[in-house]
Structure formats: structure tokens, C-alpha cells
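Participant: Chains as they are written, first to last, in the numbering used here: chain H, 8 to 433; chain S, 8 to 433.
The set of hints was computed from the structure by calculation and includes no laboratory data. Any given hint could be a false lead.
It does not matter which identical chain is used: a pair holds within one copy or between any two.
Straight line, CA to CA, 30 Å or less: simulated DSBU-like cross-link-like pairs of lysine-lysine [stated by the list, open to error]:
| no. | residue 1 | residue 2 |
| --- | --- | --- |
| 1 | Lys71 | Lys321 |
| 2 | Lys324 | Lys351 |
| 3 | Lys230 | Lys208 |
| 4 | Lys123 | Lys50 |
| 5 | Lys324 | Lys230 |
| 6 | Lys300 | Lys321 |
| 7 | Lys288 | Lys50 |
| 8 | Lys288 | Lys230 |
| 9 | Lys122 | Lys321 |
| 10 | Lys122 | Lys324 |
Protein chains: 2
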Amino acid sequence: MTVSFKGKSSRRAFLKGTLAAGGTLAGATLAKAEGADPLITEKQPWAQGLGDGVDATPYGLPIKYEDDVIRRNVEWLTADTISSINFSPIHALDGTITPQGCAFERHHSGAIELKKEDYRLMINGLVDQPLVFTYEDLERFPRVNHTFFLECAANTGMEWAGAQLNGAQFTHGMIHNMEYTGVTLRTLLEEAGLDAAGDLKDKWVYVEGADASSNGRSIPMDKALDDCMIAFKANGEALRMEHGYPVRLVVPGWEGNMWVKWIRRIEVTDQAVQSREETSKYTDTLENGTSRKWTWVMDAKSVVTSPSPQAPIKHGKGPLVITGLAWSGRGAITRVDVSKDGGKTWETARLANPGQPMALTRFYLDTTWDGEEMFLQSRAMDETGYVQPTKTQLREVRGENSVYHNNCIQTWWVNANGEAENVEVS
Amino acid sequence: MTVSFKGKSSRRAFLKGTLAAGGTLAGATLAKAEGADPLITEKQPWAQGLGDGVDATPYGLPIKYEDDVIRRNVEWLTADTISSINFSPIHALDGTITPQGCAFERHHSGAIELKKEDYRLMINGLVDQPLVFTYEDLERFPRVNHTFFLECAANTGMEWAGAQLNGAQFTHGMIHNMEYTGVTLRTLLEEAGLDAAGDLKDKWVYVEGADASSNGRSIPMDKALDDCMIAFKANGEALRMEHGYPVRLVVPGWEGNMWVKWIRRIEVTDQAVQSREETSKYTDTLENGTSRKWTWVMDAKSVVTSPSPQAPIKHGKGPLVITGLAWSGRGAITRVDVSKDGGKTWETARLANPGQPMALTRFYLDTTWDGEEMFLQSRAMDETGYVQPTKTQLREVRGENSVYHNNCIQTWWVNANGEAENVEVS
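Next comes chain H alone, as it looks inside the complex:
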């Protein structure tokens, strides 16, 4: 097995910074009540006085001790923060829901403030009756609720050329998973009427947002009528500004760029628009310089979120929970395997709950760590039988020129101190 590191010194410096903030590497075993622990035997200050009243935070934030669980930008990745990306702190989360407050952002011309009162959604093009909806109009149509992941097509994109970014947040954090409430796109298209479009098989919708970039994308009519949603709530409450308040498009299982935020227009067309965002961007450049286009679906993928570079093992040998996330744009995750030896042998992980279509699935491997180094990997399988590929397999087909659709198996090298690092094995 060959192990390769990239940018080793800078990542190590980063790792040390993390540990200094996060605690020591001193071992701990499953504690027993031996000897006096003043935190048990003595009355503590918080058990004596009164705490905060219920009007302290009408809308609450995380406690100050969790102030490292935040979205993070990678400064060198793009020239400015307007067109840049930040990343969800998936290394520090558990379960499957991503809170809106730390769900990653990506904008093309920044996040805009748009009041519900100023919101309009136009449907035009090959429809029987062009329509304009206010926000209040949208609330009058039958609503649906569904939990879906949104993954940026460029998630893990820096890893094509080697092990670049040292943390699950940075390698895999362009993803979030929320419960959406809204109206199906089908409902609104049928309200406008599709008889004028004729045969729907070869028709498209072109969707654009109200921000300056407009971020237009073409979506085949089949998908538009299948499961797309015009959503106005996420995790029960209004969308956040950075996620498209007041209304965004939801395109289950497909790349995040198509989930147009601040959606203002849906045009029914007889061909794809071939917009900037689906030609010069969001196509996958191959080894020979040509590009794969219309690579909409996010293939099955997984990552170990803990242990990982930002979430080292601090407790020493013994019982260890290895956990991570798996997802597929083609349906439900059916199985996740975990390897401790870089893919030579595999153990089947426990799914916290049965996989749901196009939603994050949490997996756990309840194991024992012997204190030896590990090359941790996870491998997802979905209901179509698709198996997440290795980086080598992916490169054989797609080369290293793309930044999109890298769903390869990720490797974390966990050393004898429990520290983890992003590496490649082959």
C-alpha cells in the first residue's frame, strides 16, 4: 500500500492548532466511581444559584462552549467570499439533520435580502397561461414535506489531484440535509397549464434566481414533474437568507447548483438554454479536455466524520465509535462498509435508521481501538446496487481535470496518538 501526503507541513500545523483548542490527547477509559471526584462529591456552583430565565433568548444560539461548530471558509480556495463557499462542520455534528445556522453556503453573487412582500415567481414560456405568484399565493397550494440532502457538485472537488484539505468539514462539508416544506413544482406548472408545451418528453424548464447572477439552469421536464419542490421552509422554519429566503427550488438528489435560491422565474422551453452555469461551469472536464455535460445526479458517497482530522481520538485505546454520513442521489443507502486498513478488509457498519431516498444516512461502527494506526475508509452502496468507487477507479475513467462529482472513497490516516490526517492509499 502506498500512502501519499500533500501539503503535509501546513496541515500538521493546522492539526496542532485544533488540538490546542480542543484538549489533550491524554488517554481516558470508561470511568468508574473509584476515589473522590469533586465534580461528584462536592456541590457545584451551577447547582446552587438560579440560571437563565426563559426570556433570555427569544431565539437561541448554541452555547458559547460550542463556538467552534461553525461554517468555515477556505481562504485560498477562491478570490473573494462573495462567489466562494463555506463548509458545514460535519465533523462535529451527529444524526442526520443539519441545522440551518451551520449549513454550508455557496453564492454566485452573494446572499440577497428579499422580503416576502417583494417576492414574485413567474412561470412563462410554453404554458397555457403565464402566471405570476406572490409568496402568499404559494401558501394557498397543497404542501408537501420531505427531507433531502443538498450537495454541491464541487464537494470533494479539491481531492481530485490528491489529498488536499485536512478535515471532513473541508473535504465533504458542501452538504446539508433538511426537512423542506413547500409546493411541488408539478402543482405550479399544472396551474399554468402544460397543454401548450405539447409532448413533454423533450421539454425543459429553465429556472433562475432573483440575485444578480440569476444562476440559470435547465432541468428536464421529467425531473421537474417528478419530485422538485418550490420550498419556503427548512427544518420547520423559514429558509435562512443564505439558503434562498423566502423561496428556493429543491431538486432532490441532483447537484446543489440547480437548487436555485430566491427563485424568480420558471420558463418552459423546448430545449436546454445552455447557460453559463451549465456549460463553462458545472460540466466535468475529462483527461482529453472534453467535458461530460448534464451530470446532474449526485452518485452514492460517504465519509467518516469521526474520527477525522478535526475530530481526533482523545480517549486512547478501547471502545471507539466510528461514525459518518452516506447518501445517494439515486435513492436510499442500503449499506455502508468501513475499513481500518485502507480498503484491504471491510466491516459492515450499522445504519442508525433505514436509508431514506436522497437523504443523509448516519452510520456507526461500534468497535475497539488497539492503539495502532488505521487507514479509515467508508464505502456506500445504494438501492440501485451502485457501489462508491475508489479514487483510483474514478481517476481511471475521469482523469484529474475536473472539480465536480468526486464521490471517491476517502481515507483518513489515524496515527497512534489518535490524530487523523487526509491521505491517499493505492
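Chain H is fixed; fit chain S onto it per the hints.
Facilitator: Structure of chain S alone, referenced to chain H:
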């Protein structure tokens, strides 16, 4: 049908305040693209400049236009905010997940700040080996993920004596619904060993928190071993301070007071402790002055969240979405009916998704409003066949002396202007 109002003038004043802030009652129909709407035809400021960059909010909050979607206290309800309650803004939410930031709070001696490093959990009493766990220890046991509602036993408690509080937030907002991650209580009890307890049938656990009130409660061993969780995450991230950071007990389907926050001790006992919190409080006083005790399970219940006093109909006649929440501590919701005429006739609502055990279920009735007044009610049924009772039925059995376990059918009177008010019908 008799309709009774309580505190009418003050509630009307409150309602007017809501409308002044929320908009006009002018009718709106499903808009069509007739004539020029400058919000469609003119380029808008937000489509011209750059918006916020991705480093604007490392941990985000709702957009300023949603600043009325907050937890609210009712000042006259209790003497101080330390031991008081605030309410989830369920009238403004949709879907089923409650964001932690606006999930209701109730404390007995205020919300305390407790670092993970200072956290200890003791298991003692009739166990083979008393144990003390640190936070890090807890993370080494196999974890589970489940979504459950938490309802305060006193939710809707002010309504025993009549229609008191004018809004779903205030009548039914002592509830939230989150995805919890943690370790089963069974796992930890088995780690300590239960052989010493002998026959588990008649055993109990006594649980208490690290705050000054300690808020001790006795839980039968059957329940403790069935589905209780020691949770450290909610909706993917750490529990908020006000919800028990870093660790709380989860007691699915049972009254919220038993979900001890900042849990510090679990004692295995051979009888219930008969603590203050389960004798003088959290027992249901009957008409004759005696009390029902051990009323742990939250019976099936539902409420229409919109339209409701804080969420009036603003769009006039025509298509109307009536929506609300239903839940049962005995299992999954199987059906919800909605009445527009105070219970004379019923229509079966659409469940957004199949009911999940002991979790909130969202229901919708997609209907048409003729502009006439309505007496809106909802009625939940669960998988045991239990049907949510009317207020009259509940009073016949339980009188009006209790503040706990009021799961009666709620009525909103919606007038011809679309304004709603809390009323009783009989």
C-alpha cells in the same frame, strides 16, 4: 351550539396588534400575469449589486424579516421567568422539525451553563457497580438516532377553565420535536449491571439534573429499559443550554418534566421516590380534590396551527390550506380529522407523511374558503385506536381543577375577515 369567549376585549386588542404588524386583510386571489407588476418588469436593487459573502455569519440566525418567529413568555402566567415557560411559535412553523432556537423552554431553577469537561453522570443504587461517566465516556458507547416530540404536561393547561390564551403558540406551544442522538439508557444501566436489582419488574430509576432544582423524577424500570435515551445532540448539533447542554434524558411519549436536563444521576431503586416533582407537582387534581398520579403518557392530541389567532387568513375567499400538528405518546398518529363547524361534520386531513411513533405529524386540509365564519377543530387518532376527546368529554371525567394533561379538541373561531379567536363550543 354554544360559543363562549373569555377575556374577549384584551384578546381582540392583541389580535389587532398582530394584524397591524402582519399586513392587511385585503383579499388576494391566485395572481395572474395581467398588467405590469414592477416587481416583475423592472430590475430590482437586489438583482444588481452583490449580496453577503459566505463569511458574514459563521453561525447564522433567521433573516430580520422573521423576527416575530420567536419563543414567547406569557407574563401573567407565573411570577418570574426563572421558573416560567415560554412557548414555541408553532403558528409560524411548518413541517415537523422544531429548530432548537425557537423550541420552548421550561426550567425549575433557570438554565445553567455546564461545560462538557465539568459534566459527570453517576449511576448508583441497586447496581452491580456504581459508575461515573464523563462526557467523553458517553461518546464511546453505541449511539442511536430518533425523532421524538417533547410536550410539557401543562401544555394547554390554561384551557381547562375556558378559552384563555389567544394563539396556538400559547395554547399548544409547550411542545417541540427534534432528532436526538445519544446512548440508550439501557446501555448505561447494563454497563453498571442490574443483577443486584433482582426482579426488574418492580424496580425504578430515579433521575435528577445538575441544576439547583435537581428536578428529580421516578421512572419505572420497564420504560427505562425500553426506549429512554441519554442524548447529547438534537437536530444534529449539541443540545442548546436551555435544553440541557451537554446531556439530557429523553423519555419518548412521556411528559416533558421527566426528560431531565443536565442529567447528573440515575439511581436504581426498589420504589418510587415520591419527590416534590411527582407529588405536589405533575399530578392531576380531580373535581373531588384527590389527584391522579403517574400520568406519564401524553395522550393523542392535535391543533390547527394555521389559520389560528396569530395566523389569520389574509387572502380572502378561495383556496385555503388548513394545517396543524398531531402527536401521541402511545405510538404513531394514524388519522386526523378537521371540522369547520365546531365538530358537527368532519373531513379527513392529509398526513404529510405516515405517522412516526411519538413524533409530531403534520396534517393538511386543502380546501376552499367561502368567506363564511368557521369553527375550526382537529381530532387526532393514534395506532392504539385512541381518539382525541372534546373538552366536554374531558371535563366530565377530570373536572377543571388540573393544569395537566389537557388533550382536548381545540376550537378556533374564524370570522368573515379571516381573523381567528380561541373559543369553546358545546
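Participant: How do Lys324 and Lys230 come out at 30 Å by Cα distance, when the copy is not named: within, between, both, or neither?
Facilitator: neither (49 Å within a copy, 33 Å between copies)
Participant: First find the shortest C-alpha distance between Lys288 and Lys230 inside one copy, then the shortest across copies, and answer within, between, both or neither for a cut-off of 30 Å.
Facilitator: within (21 Å within a copy, 55 Å between copies)
Participant: Treating 30 Å as the Cα threshold, decide for Lys122 and Lys324: within, between, both or neither.
Facilitator: Between copies only: 24 Å across chains, 54 Å inside a chain, cut-off 30 Å.
Participant: Cα distance capped at 30 Å. Does Lys324 pair with Lys351 within a copy, between copies, both, or neither?
Facilitator: Classified as within: same-chain Cα gap 22 Å, cross-chain 66 Å, threshold 30 Å.
Participant: When no copy is specified for Lys71 and Lys321, does a C-alpha distance of 30 Å or less occur within a copy, between copies, both, or neither?
Facilitator: within (21 Å within a copy, 40 Å between copies)
Participant: From the Cα coordinates, with 30 Å as the cut-off, is the pair Lys300 and Lys321 best called within, between, both, or neither?
Facilitator: neither (45 Å within a copy, 45 Å between copies)
Participant: Please work out whether the CA atoms of Lys122 and Lys321 approach to 30 Å or closer within one copy, between two copies, in both situations, or in neither?
Facilitator: Answer is between; shortest inter-copy Cα gap is 17 Å, intra-copy 47 Å.
Participant: Cα distance capped at 30 Å. Does Lys288 pair with Lys50 within a copy, between copies, both, or neither?
Facilitator: Answer is between; shortest inter-copy Cα gap is 25 Å, intra-copy 61 Å.
Participant: Given identical chains, is Lys123 near Lys50, meaning Cα to Cα at most 30 Å, within a copy, between copies, both, or neither?
Facilitator: between (52 Å within a copy, 17 Å between copies)
Participant: Measure nothing new, just compare the shortest in-copy and cross-copy C-alpha distances for Lys230 and Lys208 to 30 Å and report within, between, both or neither.
Facilitator: within (11 Å within a copy, 55 Å between copies)
Checked against the numbered hints listed earlier, the structure breaks hints 5 and 6; every other hint is satisfied.
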